[in-house]
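From first to last, the protein sequence lines stand for chains A and B. Residue numbers for the first sequence follow this note's numbering, so the first one is 1 and each next one is one higher. Residue numbers for the second sequence follow this note's numbering, so the first one is 378 and each next one is one higher.
Just so you know, the hints here were simulated from the structure itself, not pulled from any lab data. Virtual Cβ for every residue (Gly too), placed ideally from N, Cα, C. Any given hint could be a false lead.
Said to hold, decoys possible - Some chain B residues judged to face chain A by a derived CB distance under 8 Å, without partners named:
id, residue
1, Y474
2, R643
3, P686
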Amino acid sequence: MRRLDRGWWRAVGLGAVLALAGAGLLGGVFILSGLYNVAASRQHFDITNMLIRLTLTRSVATRSMGVDVPDLSDERLAALGARHFDLGCAPCHASPGTEQNPIAAEMYPAPPPLTHAAEDWDAAELFWIVKHGLKFTGMPSWPALEREDEIWALVAFLERLPESGAQDYAALAGRRSGTGEVEFTFGGQNATETLCANCHGDENNPPVHHLAPGIAGQKAPYLLRALEEYASGERESGMMEPIAAALAPEEIEQLARHYAEERVLPSAAGVDMEAAARGAEIARNGARADDIPACLSCHGANTSGQFPRLDGLSAEYISTQLSLFRSGVRKGSVYSEIMMPIAERLSEQQIRDLAAYFASRAGGTGGEASAGPEARQ
Amino acid sequence: MRRGAGRVVLLSIASALSGCSGVQSALSPSGVEALRIDPLFWTATGVSVAVTLMVVVLMALALYGPLRWRSWLGGDRVIIGGGVVLPIVVLTGLFIYGLFVMQAGAVRSAREGEATVTIIGKLWWWEVVYQGPDGEEIVSANELRLPAGRPVRLRLESDNVIHSFWAPQIAGKLDMIPGRTNEVVVEATAPGISRGQCAEYCGGAHALMAFYVVAMAPDEYDAWLAREAGPAPEPLTEGEARGRQVFLENGCGGCHQVRGTEARGRIGPDLTHVGSRMSLAAGMMPNDVDAFARWIVENQHIKPENKMPPFRQFGEEELTALAAYLDSLE
């Protein structure tokens, strides 16, 4: 009996090894022979599709569990998201009132229309998908993973998409009519400026949302550098990087000149004037006890064109950028190395005061070199 | 191997000995206070050497001496006398002598109308504020100028952590404590240059926080102070003028003061007459054009964690002009 047992186990072991080797061999032959058809023109089996779909939904549900959803009720945040959607997402996903591009439609899997995205996924899941993309589907991850503030703009828009028809969409995305009367194309003087103004406003219109700073009246060398840094990825932004990368060098120069000649538009009303007065003191004289130099020693109107003017920028934009400096997201350029240690020394209160001060200021263009910041008081 | 080890020992002895002479040696005093405490060091060292020799000799006797000596050494009288009475007498004597020499912290009173200099410990440099003839503040940094033969009252302060001011050739150490002013009166005996150092650990770049003491003939000192009180000299060359423009356009004035220009920051060292100082970066670098250029670009490597950001945006033309301008601020 004993002997027989041992022989039996040995046979089972040998059989298992042979089976594994055979499977490996067959698999190798299958892969190397090229028998599997990777063609996008050929559908998966239904069972394969079902398994892929299940894996995807489970993965997104599990991985988005830790995501905290901020308040997305701000219509302007959704409008900013819509404007990015129009440039960055609609070319593949289509938008209300447009047909999907035939090339995109033949991707496999085809990018789904997103009109029902908010019904299929909750906000945290949408955020996760937009941020990380989906493997093997052609859905890319966000070009600037650390700019979660931008991704939420897109989620805010996607949340509104189910109810919006072509007209609503056109309004949200800043198109004048549903049929796309204003074409967002690069090249040609007015077209590109219209594109910029659609988010950043101009000397007559405020930016669509505070994440996009007003650029009218900004110094030309700074605008030039900002666009170059976005184009090279030195400065992180999922919204600005693709746009800057698509601009030709002469277009960047022309845009920088154009906005430098416009006048600063004062930030929207509602500035806390008491905070602004405290901020003015720091901006003009610094805070010696905290080793904070006067902001205007670099950010004044007469200083190097590489230091941006801050007049008229919204309080939210200024505090967002300061926190990006503090957390080390806005790094990588020789100029951010100057700002980073100073941003770290600012307290939350000082940031609020400074933001209020700069938001309360207006006037002047990016090219003027005569009147100092004090002169316009 | 052994020869290598021997060389290391020799080298370390040599470097230890080289500390005994030179600009930062406490053994070559050139100030009244340092001269006063100098004998204390030699007395304490002499007594210690004598006691050590005595112990060695007695130990040798106890081990190898004649029986009669050994039994004498083991007697009660020797043990009580040498083991209890002698240490008490010697140590008490040294202690009283020490109190007497150091005057137990008493400050020599400066004569009426004598100069006062306030030195404030910073991270990691020294702000030095002289008092002009009319009581006005004359701000400088990282260097203490003294009129030889005239007592000067030093007021030592700090607005951050505890530092210790130590100019070994001039006086002993004295701490700089936040919220408090420690005073010491010093007097250089003869014109000459020595070096000092922060002597209390004060954070990352503590070891890189030094300064120079320049003792000058009294009339030279007066002339120097009058010049120091004045505004920065105007640029003489085109390059220096360009340097001033670069300085002002790039926000240097947010932290640094150059009197006579719109640069009025008080966070970093006053640069009004920086070109006339012995060193840059609190004793870390020689004061020349190249050092200015290096400091502006690489200051975080030269003195890690210091409060000045690196300014790496300059092209060669701008940096050369800026360094030339700073060097011209004499």
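Here is what the structure says about each hint:
For Y474/B, the interface hint is violated, the least distance from its beta-carbon to any beta-carbon of chain A being 45 Å, above 8 Å. This hint holds: R643/B has a C-beta 6 Å from the nearest C-beta of chain A, less than the 8 Å allowed. The criterion of a C-beta within 8 Å of any C-beta in chain A is met by P686/B, whose closest approach is roughly 4 Å, and the hint holds.
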